[in-house]
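Trainee: First to last, the sequence lines map onto chains A and B.
Read in order, the letters of the first sequence correspond to residues 0 to 274 in numbering that gives the first Met the number 0.
Read in order, the letters of the second sequence correspond to residues 0 to 194 in numbering that gives the first Met the number 0.
For the record, the hints were derived by calculation from the structure and aren't laboratory data.
It should be emphasised that the depicted structure is a prediction, and the values quoted were computed from it without experimental measurement.
Incorrect hints may appear among the rest.
Claimed, not checked - Just some of the chain B residues that point at chain A, by a computed CB distance under 10 Å:
1) L23
2) R24
3) D26
4) Q28
5) A32
6) G52
7) E60
8) I62
9) P64
10) E111
11) Y152
The C-beta atom is built at its ideal place from N, Cα and C for all residues, glycine as well.
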Amino acid sequence: MLTMIGRENLPILNVRTVLVNLKMKSIVGCLCALLVFSASVKSSLEEEIRAGDQIAALYLGSVSLVADQELNEYVNLLGRHLADQTERTELPWVFGVLDTDSINAFCTPGGKVFVTRGLYQLLESEDELAAVLAHEIAHGVRQHHWEIVRKQKAAAQIIAKMQSNMRNANELFDQMNGIFTDVMTKGLDKGAEFEADRDGAVIAARAGYDSSALFGVLAKLDELKASEKTTELLFQTHPSPGERIDRLSIAFSIELEAAALPARLGTPLMKITAP
Amino acid sequence: MFRTVFFLSGTLWICALQAGEAVLRSDTQLLSAPKVSAEGVLLLNAGMPVTIGARQGLWVEVIEPMSGWVKLRQLKRNVVSVKSSSLSALQSGREGAGNAVSASGVRGLDSEMIKLSAPDHRAVEEFKTYSVGSIDGQKFAAGRSLLGREIAYLFDPESQQRSATRKGADTTGAVSTVKKAKPSRRQKVVADDDW
Chain A
0 MLTMIGRENL
10 PILNVRTVLV
20 NLKMKSIVGC
30 LCALLVFSAS
40 VKSSLEEEIR
50 AGDQIAALYL
60 GSVSLVADQE
70 LNEYVNLLGR
80 HLADQTERTE
90 LPWVFGVLDT
100 DSINAFCTPG
110 GKVFVTRGLY
120 QLLESEDELA
130 AVLAHEIAHG
140 VRQHHWEIVR
150 KQKAAAQIIA
160 KMQSNMRNAN
170 ELFDQMNGIF
180 TDVMTKGLDK
190 GAEFEADRDG
200 AVIAARAGYD
210 SSALFGVLAK
220 LDELKASEKT
230 TELLFQTHPS
240 PGERIDRLSI
250 AFSIELEAAA
260 LPARLGTPLM
270 KITAP
Chain B
0 MFRTVFFLSG
10 TLWICALQAG
20 EAVLRSDTQL
30 LSAPKVSAEG
40 VLLLNAGMPV
50 TIGARQGLWV
60 EVIEPMSGWV
70 KLRQLKRNVV
80 SVKSSSLSAL
90 QSGREGAGNA
100 VSASGVRGLD
110 SEMIKLSAPD
120 HRAVEEFKTY
130 SVGSIDGQKF
140 AAGRSLLGRE
150 IAYLFDPESQ
160 QRSATRKGAD
170 TTGAVSTVKK
180 AKPSRRQKVV
190 ADDDW
């Protein structure tokens, strides 16, 4: 780079060489930054999926899937078609029907969606099932549950660091389990549920289903008593069906209204045959 | 005398409110059919309680005070009632809701059960084997002649903000909110074009 010239022995910078070197360094720097960013994004996605695995393990530790392979395959085909209408098609979406009379549906971080047998049996059409699954998919797309887990996990790690006498691994694990069960039993804020209702109606309509089917589901839920064993967790974790109907009805756009179908054109729902 | 009349009117109103199953959000024209172009039957005032019947898409049949139709968005659920049967007819207008589950002998999933459960990771691995790919989803949709649509996410009426497509920097994937319409297939015919 430096050229010794003449009797003065003063170095002269080769400008072209300097510029080329700077350009190379900035390119390399950008590539490194991109790699680090991609790695952090990928690791965050992996974290999200792992958290979802943990939560799913708690659900499946409580109740098993309905022993009906055809039913679970059907729900996965429908669910996959719905999930493909969203911005998070890269998630390993998987869907299942939990063998419980409780009436509810859940989505874990990372795209694991459950609907209970109790809720499934209330539904009258595939459009209504699509509405339920689409609502849960919307939670996964918006990362509602993952945001809570992530924030609480960060807080738990800070606490673990501060309490140096903690046996970090086991106690952090216990805390994480507590965070997961909290998310499962306390639910989200109302805003997140209303958002999932709005987004879910759109997702179902994009997939070709009746955009108004969720109203039918909510009307059924509205008939149920909150004090029943089957509905306890549902009403604990969601706003009242009436409020959800009110909020969703005024949010509907003209194009979403155009996607509402008469009931007689709804697609029949596969029945559960397993005992 | 005036006080008595006023009290009785108020009582009747309250009774009507309790008997009615929804109230009107604003002054609303009751229509003869579930379409925008239908003939007006009666002007219903804001706050008036109505008894509702079947739902057709985003339209709801009004039974009392007079038979007709209004848009679902024009109704507000009567929050006074403890157990509301008012919305039962919003289900579909078709026959019954299906099996209501009795509380006795129920296989329930509640908070306590979740908190006490031990995670079953083996079951999760089995569960994951049900996952299918997009190709399978597309075949499923094709088999049902489902017509894809381009529809944008909705605004939140409270904040008047459209939901952000993605939240947080730690997300990946496309950010497009609208999917391209799939090639058209047999389209379901809607008899009433004024939903």
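Trainee: Of all the hints given earlier, name the ones this structure violates by number, lowest first.
Mentor: 1, 3, 4, 5, 6, 7, 8 and 9
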